[in-house]
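Each residue of the sequence shown is one higher than the one before, counting from 1 in full-length UniProt numbering.
No lab work stands behind these hints, which were simulated from the structure alone.
Hints may be right or wrong, so weigh each one.
[Claimed, not checked] Restraint-style ranges between C-beta atoms, simulated for each label pair:
#1 106 - 149: 41 to 51 Å
#2 257 - 229: 45 to 55 Å
#3 138 - 65: 39 to 49 Å
#4 97 - 231: 20 to 30 Å
#5 109 - 253: 25 to 35 Å
#6 172 - 128: 16 to 26 Å
Note that the structure is predicted; figures quoted are calculated from it, not measured.
Here a beta-carbon is modelled for each residue, glycine too, at the ideal position from N, C-alpha and C.
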Amino acid sequence: MSSFSSSNPPFGVNEAHALVTGQLPHSVCPPPTSDLVDGNRYAPAVMEVAHERAVEYMVNHWYSSNSVVLADEDDLNRPLEIAKFFARLIYLRGVQRPSLILVTELQLQVWMEALSNQLTEHDFLVYDGDQDTRQRIQNEMLISPVYPRRLLYNVILMTHESAVEDADFLTMFSWEILAIDEAYLVKSPESKIYRALVTLPVRCRIFITDTPSKFGPNGLAALLSFALPSESQAVIHGRGSYFSRLTPDDTAEQINDRVEELNKKLERIMIKRTVAEMERAPTPASSFGSVHGSSEQSERRHATP
């Protein structure tokens, strides 16, 4: 769905096999340099355009039930982009199935504020506290008293730790979106959080990070296995190899081939932006949203009355 320069792959081999330096996908090209403030930050109007393009990118991947890696190296306000994305799904697409957002305890307040500015208090719930508190939230606020398998909120905001501790409860429900902030936390298949989340029934997964270089080659392979479960199953049944782990015994040629495979998979689902790319990239002639008809007019056609 996105296009990178083949001469400058997004996942570098020589820098610990982990640096991401690829060009911006043509579908989400940023605004021209003249709109930059102080050479490295964005004017409000430009930020609004950048957020809208990120939202459209995610909507189009959601439309096709594809995962997304949202890689934002220069802090374009990822919580706001995710909040706008959910507002689009709920209020214009009429999505009612619940979604999960997992964040760190340190960032919980930031995400609460972003969601409260985009969603009504009836559409999202903060699921936090000790075990007894979370149990009360489940029984008194979250679960429908009429339909025990239905949740009363569209978006549930919680910490990674709570998701691990309450994994059995979460697996009882089908989820529309699973959005994971600080996604490098799921780079190890042996970690508790990876094992807790990988089996959740989810339509679309969004992995939020500043840079995929935090993952390393094996971590990125694990991320792609998480993000592309159908292709991961194909690997298990002997029809592929790019999810297997690199070892110290691998030759340089094997490493090179593996990283090239990872690049091809990553670039299909990643939106990546930096200040440098903002400065040099041209303004796109048309919106990526037209591919699946997600213009505002099309949104109104799909909206639930």
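Here is what the structure says about each hint:
no., hint, verdict
1, 106 - 149: 41 to 51 Å, "33 Å, violated"
2, 257 - 229: 45 to 55 Å, "23 Å, violated"
3, 138 - 65: 39 to 49 Å, "28 Å, violated"
4, 97 - 231: 20 to 30 Å, "24 Å, holds"
5, 109 - 253: 25 to 35 Å, "49 Å, violated"
6, 172 - 128: 16 to 26 Å, "19 Å, holds"
The structure does not agree with the numbered hints 1, 2, 3 and 5 stated previously, though it agrees with the rest.
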